[in-house]
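Participant: Spelled out from the first residue to the last, the chains are:
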Amino acid sequence: MERAYKVYAINNGTVIDHIPTPLALKVVEILGLGNEGIFTIGVGFQSKSLPGGKDILKIENRILLESETDTIALIAPDATINIIKDGRVSEKRIISIPQSIYGVMQCPNPNCATNKLGAHRHFELEDKNTMTYRCQYCERVTEILPENLTAPE
Amino acid sequence: MSSFKGRNIISLRDMTTPDLWKIVTTAEEVKSGKHRGCLLDKTIASLFFEPSTRTRLSFESAVVKSGGSVFGFADPGSSSQKKGESFSDSIRTVTGYCDAMVIRHPVEGAARLASEVASVPVINAGDGANQHPTQTFLDLFTIYEEFGRLENLKIGIMGDLKYGRTVHSLTHAMSLFGAEMVFISPPSLEMPSTILSDLSDKGVHFRTAKTPEDAADMNLDILYVTRIQKERFGDPLEYKNVAHGYRIDRNTIASLGEQVRIMHPLPRIDEIAEEVDNTPNAIYFTQAHNGVPTRQALLGLVTGGIN
Ligand SMILES: [Zn+2]
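Protein chains in written order, with our numbering: chain A, 1 to 153; chain B, 1 to 307.
In case anyone wonders, no lab produced these hints; they're calculated from the structure. Where hints are given, some of them may not hold.
Now the in silico label distances, taken between C-beta atoms and shown as ranges [claimed, not checked]:
| # | chain 1 | residue 1 | chain 2 | residue 2 | range |
| --- | --- | --- | --- | --- | --- |
| 1 | A | P146 | B | G234 | 32 to 40 Å |
| 2 | A | G44 | B | R207 | 51 to 59 Å |
| 3 | A | N148 | B | E116 | 21 to 29 Å |
| 4 | B | P18 | A | V141 | 53 to 61 Å |
| 5 | A | T150 | B | K162 | 54 to 62 Å |
| 6 | B | P76 | A | P146 | 35 to 43 Å |
| 7 | A | G44 | B | P18 | 53 to 61 Å |
| 8 | B | S200 | A | P146 | 26 to 34 Å |
| 9 | B | T194 | A | N148 | 16 to 24 Å |
| 10 | A | T150 | B | G257 | 50 to 58 Å |
| 11 | B | K230 | A | E147 | 57 to 65 Å |
Here are the computed lysine-lysine pairs in the DSS-like style, where the Cα-Cα straight-line distance is at most 27 Å [unchecked claim]:
| # | chain 1 | residue 1 | chain 2 | residue 2 |
| --- | --- | --- | --- | --- |
| 12 | B | K210 | B | K154 |
| 13 | B | K162 | A | K128 |
| 14 | B | K22 | B | K65 |
| 15 | B | K210 | B | K230 |
| 16 | A | K128 | B | K202 |
| 17 | A | K26 | A | K48 |
All residues carry an ideal CB built from backbone N, CA and C; glycine is no exception.
Let's have the full structure, built from the sequences with the hints guiding it.
Facilitator: What follows is the structure in structure tokens.
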């Protein structure tokens, strides 16, 4: 029996499992789900791979785009993503950290054009191993920290 | 090398080695009298959202010398920013008045943002602590003019290596030309470790030193001196002690060897003794003057006045 079914099963939509506890709400935030649709969150399930527990997020009637699921990899690299259609898993999506990040990451440099002049946030991958990205405006390199990720612009 | 016509000049990161060669050799041609009138009938906007008199005068002189006309403002007090217009809207407006624009702004990334909303080429004349590419171009041109080459030179870079955007850009550029480098700074102002590990990865030969005399065995071709700012030190006495060890005089030159050429982006405070000015080693005033042909060349290239 799949653990995920402890949270209500959905007929159509996206199920995100293996989110490290308590980052499910962060995932909701960066996907910009706050004001739309129905989603269910399960927090703090036991997990072999995640000693601190795992969260599960189910989003009804919405198939996430690959650009969206890759964003999830920034804070939950081991998340598993299932696309559900007519009550069945129609796709097991493999996620990898994105080459480009638009919108959801705030530049930590307070003197950056994205923070001062309204430039649209845009980072490009600098180093896959260190998970660092370079801001395309101020050109500073930054690590991905959940607190720097916000709702999309 | 991609064509320069219509191109934005924002960051050294966008430049390839052939691009740098093109700028340096074009600057040399301009200085030797070629490309006269390369900005004839061209109008250049000079938008200084923070004051920088030297850079502005150098750009404006470049425009006028090449037969172009220039308009703009010298400090934010006279710009429409004061009236609450957004930066992007200011740029969208001015882009209709000119054939290229030169922008200086205290915010990092401002020139990049401008280049995205402007329909004419944008040249970054400094964006906060980030980039100031034309300084690097004129440094390279000065080195080329002095040594007849850019490759395989031995260069010492001294002063505030932690925060100095000029030295970071120069280090990057010289590493493209196989330079051997020594970084001379007080411990609190050392070159950032990310830059050093980048150089190691690229196989660049470099070392670090505490004083210029530590590099006496290298027979340096160039010693590039930058200012150590008082504001970097909490204790004024500590600053005084540190700054004292980073002052270049005739004795320093004697220990580095008569071949060494001294460069400095200016303004200098007292990190180079005046007694050095009249020696053949001092090339920092030539360096400052070279800003004009370098900027003439660049403006000519991006507006299509030079091919
Ligand atoms: Zn930034």
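Participant: Each hint should be assessed against the structure and marked as holding or not.
Facilitator: Hint check results:
1. Remark: the range hint 32 to 40 Å for A:P146 to B:G234 is upheld by a beta-carbon distance near 33 Å.
2. The given range of 51 to 59 Å is respected by A:G44 and B:R207, whose C-beta atoms sit roughly 53 Å from each other.
3. Between A:N148 and B:E116 the beta carbons are some 23 Å apart, a value that agrees with the proposed interval 21 to 29 Å.
4. Taking the beta carbon of each, B:P18 and A:V141 are about 26 Å apart, not inside 53 to 61 Å as hinted.
5. Range check, A:T150 to B:K162: Cβ separation about 30 Å, and the 54 to 62 Å hint is violated.
6. At roughly 36 Å, the beta-carbon separation of B:P76 and A:P146 lies within the given 35 to 43 Å, and the hint holds.
7. At roughly 57 Å, the beta carbons of A:G44 and B:P18 sit within the given window of 53 to 61 Å.
8. At about 31 Å, the CB distance of B:S200 to A:P146 agrees with the hint of 26 to 34 Å.
9. Restraint check, B:T194 to A:N148: a C-beta distance of roughly 18 Å satisfies the suggested window 16 to 24 Å.
10. Between A:T150 and B:G257 the beta carbons are some 56 Å apart, a value that agrees with the proposed interval 50 to 58 Å.
11. A hinted range of 57 to 65 Å for the beta carbons of B:K230 and A:E147 is inconsistent with their spacing of about 34 Å.
12. Restraint check for B:K210 and B:K154: satisfied, since their Cα atoms lie roughly 17 Å apart, inside the 27 Å limit.
13. About 25 Å separates the Cα atoms of B:K162 and A:K128, which keeps this hinted pair within 27 Å; it holds.
14. For a cut-off of 27 Å, the pair hint linking B:K22 to B:K65 stands: about 20 Å separates their Cα positions.
15. Between B:K210 and B:K230, the direct Cα distance comes to roughly 18 Å. Compliance with the 27 Å bound is thereby established for this hinted pair.
16. About 18 Å separates the Cα atoms of A:K128 and B:K202, which keeps this hinted pair within 27 Å; it holds.
17. For the given pair, A:K26 sits about 22 Å from A:K48 by alpha-carbon distance, which is consistent with the 27 Å threshold.
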